[in-house]
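Colleague: Chain by chain, the residues:
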Amino acid sequence: MWESLVVAALVIGCGMYAVWTLSPKKLRSRVARSLLRMQPKGRLQDALTRVANGQGGCGCTGCDRSPAERNEGAQSAYQPMSFQPRAGSILRSKADE
Amino acid sequence: MLLSELPNGAHALVERVFSGAPEVDSTVVQRLEELGFIQGEPVLMLRRGPGGREPLAVQIGETLFALRLVEAQSVAVTTPETLSIV
Amino acid sequence: MSLAHPENPMVIALVGNPNCGKTALFNLLTGARQKVANYAGVTVERKVGTARLATGQTISVVDLPGSYSLNPSTPDEQVMLEVIEGRRDGEAAPDAIVAVVDATNLRMNLRLVLELTRLGKPLIVALNMADVARAHGLKIDVQRLAHELGCPVVETVAVQHDGHAALMTHLQTHMASLTARARNTRLVKAPPHLPAHELQTRVRRILALVAPQVPKLGRFQYKIDAVVMHPFWGLVLLAVVLFLIFQAVFSWATLPMDLIKDAVVDLGDFVVAHQSDGPLRSLLVDGVIAGVGGVLAYLPQILILFFFILLLEDSGYLPRAAFLLDSLMGRVGLSGRAFIPLLSSFACAIPGIMATRTIANGRDRLATILVAPLMTCSARLPLYALLIGAFVPARKVGWFDLRGLTLFGLYVAGVVSAMAVSWALKRVWMKSHYQPLMLELPPYRKPSLRNLVLGLWERARIFMSRVGGIIFSLTVILWFFSTFPGPPQGWDPSQGPAIQYSLAGILGRALEVVFAPIGFNWQISIALVPGMAAREIAVGALGTVYALSSARSGVADSLAPVIAQGWSLATAYALIAWFVFAPQCLSTLAVVRRETNSWKYPLLMAGYLFALGYAAAFATFHITKAMGG
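Protein chains in written order, with our numbering: chain A, 1 to 97; chain B, 1001 to 1086; chain C, 2001 to 2629.
So that you can see chain A by itself, here it is in the shape it has in the complex (with noise of 0.2 Å):
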């Protein structure tokens, strides 16, 4: 019986794990907002406003921004091509500093 129970825990928890993570930005960012309105404490609530703020998922942090503006890379473009050699590898980070 206890078994099953555990089974059952685990199930559903990794599902809703699983819709979390897979779901949309937007919707996301939504139910975070709504729920910190609940105001939680602690490690609980900067996790929420993370990620009501727009924290992206696949273990990325930080190149999550939408584009500012359309022309965002005539802009860029002129800048002369570096590779960044430190803080963080060009694997992660945009091409200009």
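Be a bit skeptical, because a hint or two may be false.
Take a look, some chain C residues computed to stay more than 10 Å from chain B by CB distance [as the list claims (entries may be wrong)]: (1) Asn2027; (2) Glu2082; (3) His2170; (4) Ile2245; (5) Gly2336; (6) Phe2400; (7) Trp2429; (8) Met2438; (9) Lys2600; (10) Ala2615; (11) Lys2625.
In silico lysine to any residue, SDA-like type, Cα no more than 20 Å apart, as pairs [as the list claims (entries may be wrong)]: (12) A:Lys25 - C:Arg2466; (13) A:Lys26 - C:Trp2599; (14) A:Lys26 - C:Leu2586; (15) C:Lys2446 - C:Ile2224; (16) C:Lys2446 - C:Gly2316; (17) C:Lys2035 - A:Arg43; (18) C:Lys2223 - B:Phe1018; (19) C:Lys2223 - B:Glu1062; (20) C:Lys2446 - B:Glu1062; (21) A:Lys25 - C:Asn2597; (22) C:Lys2035 - A:Asp46; (23) A:Lys26 - C:Asn2597; (24) A:Lys25 - C:Ala2533; (25) C:Lys2139 - B:Glu1062; (26) A:Lys25 - C:Arg2594; (27) A:Lys25 - A:Gln45; (28) A:Lys25 - C:Ser2598; (29) A:Lys26 - C:Lys2223.
Coverage of chain B stretches by chain C, computed from C-beta distances (three or more under 8 Å per stretch; other residues unrestricted) [unchecked claim]: (30) 1001 to 1013; (31) 1032 to 1046.
Just so you know, the hints here were simulated from the structure itself, not pulled from any lab data. We put the beta carbon where it would ideally sit given N, CA and C, even for glycine.
Based on these hints, arrange chains B and C on the given structure of chain A.
Modeller: Same frame as chain A, but now just chains B and C:
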């Protein structure tokens, strides 16, 4: 003489930067100047990329840059020979 | 005016050329206490952090984007100038400016510093990489430089963990005077701009006084470049380097992989011994251990691959690779600036797609986004490794291991297909335009061990959080769907494994209709479904599905021998071919939607990748079968 006409390994001095091709607008010209392509600066043409046309690896001052052909065509240079003629 | 106090901390702005180590210095000063955002209306990043002085006081540090001059020619630079001058709404004017200068390239870096001295704001020059300059025999008269510039000069070494000590000390001792002076000279307007050649004359004069010997790039830099950038030998070297990397990925990984696999099997046996048969045991053994454990085994290979990528990046080799490949890329219609986004896509297509923002031309950018997924992302590595490990014998071909060769071949296939697709796009509806290159080729440097370790640690962390998060949860869910609803009354194992009566089994058989022509059985078909969330899951999913199909219940078998026996060679090769092209994970499609602001392109991308994958798998399957596979 244009930078793009320098053979591999040749030294020269920058004369000026201008728009040497229709795609090279004033922003690009300014960028090139800011990179160091300024009158009197020594420049060294290192080599071209596979294919022999572009990009062109160029040393301006102490920095190495790879440029497009049209960018190199926008830099006028003087070589020691032409200098001595004057 | 009041001194800085907690509500009004002193603000310093970091300014400097790109590639001068400014960001590394910023990281040293602020550690993890940074916040990144955007200035309203423009793309320039607003990076603010707090630095803590020894006295306990905090100062606010703003890292402005790298630039070569104060002359604003783009809106980004306009913002930067406004921030420095204190004209930006909502931004506190910096009390002091720290000009970060690359000591090995004063000639280029001093121009900006001279412009800054004319602003009249308190200025401190941070002479960065002073140690490298000295190692190259370059002697800089720091006192003289300070005198000529009219401002203090401190040495910093941004790659050392305490390299910012001198700067911090200086800020501390002078904080009072700096803030007092600054707040008395609030509104500062930049004086009329000096023409470039006049600036340069002044720079040359200062250099003659301060660093009189002509600083030369070490002779060895030229010698290395003579080979590395050689139009023929350079490409050969590039190929050899890549080759060796893939060899290493297989040969170096064998030991740690076996260790992990053995540990996983032992864990499975332990659970079987201590837990009686039932859903919990099945969940643990067939679900978690077979599934997640299967993916975990590939961590060593991913780390080895990234070790080399980080090594190449840190050493300064990558811009040379970009140089060598630029004309080839141009010929298939890819902009020269596509190199960095495409290279990033080898780790994960998402940052790669975002990096395409630096490509000005809309169509060029779109073309790069569309082909980025063909670059073999790191999530495909477990899949390739599993299939190669199970189906390609560990034979030697000359010096090289056949497995490493195959892996190399798969990566090459990804790149070649990207070029082919790009070329097709160029022919059909997109032309490439002039893209400014102006690629800086920094001097070669010894890769920093610290950066290497940090980079690998970061990669391992990302991998483990994926495994513990989405991979774990989807594997459990898959287990659930593969177990329920169970077989009907009166079933016995001779009628086939229980899994075929589960939801997943039923769904798998339905999907099999679609995939049978390319040789996929229903187990593969069902494993592809959770793979849409994260590619590596397909490995774990296969593990779970086969564990549940196994006649010997409850024993943790390793997946590879099971599929090596169960699948034909044709199926295995077809699956590999499929993965070279198959559509990306959902997150990537979501990012494409955001970046292109329409549904059309992600759908187009998914569609063409599916079609290519199917066609490739079809061809591979039937050809291999015809050849007796």
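Colleague: Now tell me if each hint is right for this structure.
Modeller: Hints, one by one, checked against the model:
Here C:Asn2027 stays apart from chain B, with its beta-carbon at least about 24 Å from theirs, past the 10 Å limit. The non-interface label for C:Glu2082 is consistent with chain B: the shortest C-beta to C-beta separation is roughly 19 Å, beyond 10 Å. Once the 10 Å rule is applied to beta carbons, C:His2170 is consistent with being away from chain B; the minimum gap is 27 Å. Look at C:Ile2245: its CB is around 21 Å from the nearest CB on chain B, clear of 10 Å, so calling it non-interface holds up.
Not every CB of chain B is more than 10 Å from the CB of C:Gly2336 (nearest about 7 Å), against its label as outside the interface. At roughly 25 Å, the least C-beta separation between C:Phe2400 and chain B is larger than 10 Å, which holds for a residue marked as non-interface. Remark: the non-interface label on C:Trp2429 is consistent with the geometry, its nearest Cβ contact in chain B lying 21 Å away (cut-off 10 Å). A cut-off of 10 Å between C-beta atoms contradicts the statement that C:Met2438 is not in contact with chain B; the least separation is 6 Å.
At roughly 29 Å from the closest C-beta of chain B, the C-beta of C:Lys2600 stays outside 10 Å, upholding its exclusion from the interface. Non-interface status of C:Ala2615 relative to chain B is upheld: no Cβ of that chain comes within 10 Å, the nearest being about 31 Å off. Distance to chain B confirms C:Lys2625 as a non-interface residue, since its nearest Cβ pair spans about 40 Å, more than 10 Å. Taking the CA atoms of A:Lys25 and C:Arg2466, the gap is about 18 Å. The hint holds against a cut of 20 Å.
With a CA separation close to 16 Å, the supplied pair A:Lys26 and C:Trp2599 stays within the 20 Å bound. Distance restraint check for A:Lys26 and C:Leu2586: the Cα-Cα separation of roughly 15 Å lies within the 20 Å cut-off, and the hinted pair is therefore satisfied. For the suggested pair C:Lys2446 and C:Ile2224, the alpha carbons sit about 13 Å apart, so the restraint of at most 20 Å is met. Using a Cα cut-off of 20 Å, the hinted pair C:Lys2446 and C:Gly2316 holds, with the two alpha carbons roughly 9 Å apart.
Pair hint C:Lys2035 plus A:Arg43 holds up; C-alpha atoms about 18 Å apart against a cutoff of 20 Å. At roughly 32 Å between alpha-carbon atoms, C:Lys2223 and B:Phe1018 are farther apart than 20 Å, so this suggested pair is violated. Note on C:Lys2223 and B:Glu1062: the hinted pairing holds, with a Cα-Cα distance of about 16 Å set against a maximum of 20 Å. With a C-alpha separation of about 19 Å, the suggested pair C:Lys2446 and B:Glu1062 falls inside the 20 Å cut-off, and the hint holds.
The hinted pair formed by A:Lys25 and C:Asn2597 meets the criterion: a straight-line CA distance of about 15 Å does not exceed 20 Å. At most 20 Å may separate the alpha-carbon atoms for a hinted pair to count; C:Lys2035 and A:Asp46 meet this at roughly 14 Å. Between A:Lys26 and C:Asn2597 the alpha-carbon distance is near 14 Å, which keeps this suggested pair within the 20 Å criterion. Between A:Lys25 and C:Ala2533 the CA atoms are separated by roughly 15 Å; this keeps the pair inside 20 Å, and the hint holds.
Of the supplied pair hints, the one linking C:Lys2139 and B:Glu1062 holds, its CA atoms being roughly 15 Å apart against a limit of 20 Å. A threshold of 20 Å between alpha carbons decides the hint, and for A:Lys25 with C:Arg2594 the separation of about 11 Å falls inside it, so the pair holds. Only pairs whose Cα atoms come within 20 Å are accepted, and A:Lys25 paired with A:Gln45 is accepted, the gap being roughly 18 Å. Only pairs whose Cα atoms come within 20 Å are accepted, and A:Lys25 paired with C:Ser2598 is accepted, the gap being roughly 16 Å.
At roughly 54 Å between alpha-carbon atoms, A:Lys26 and C:Lys2223 are farther apart than 20 Å, so this suggested pair is violated. As drawn, the region 1001 to 1013 of chain B meets chain C at 0 residues by the rule of a beta-carbon pair under 8 Å; below three, the given contact is violated. Counting residues of the region 1032 to 1046 of chain B whose beta carbon lies closer than 8 Å to any beta carbon of chain C gives 10, which reaches the threshold of three, so the coverage claim holds.
Of the numbered hints stated above, those contradicted by the structure are hints 5, 8, 18, 29, 30, listed in ascending order.
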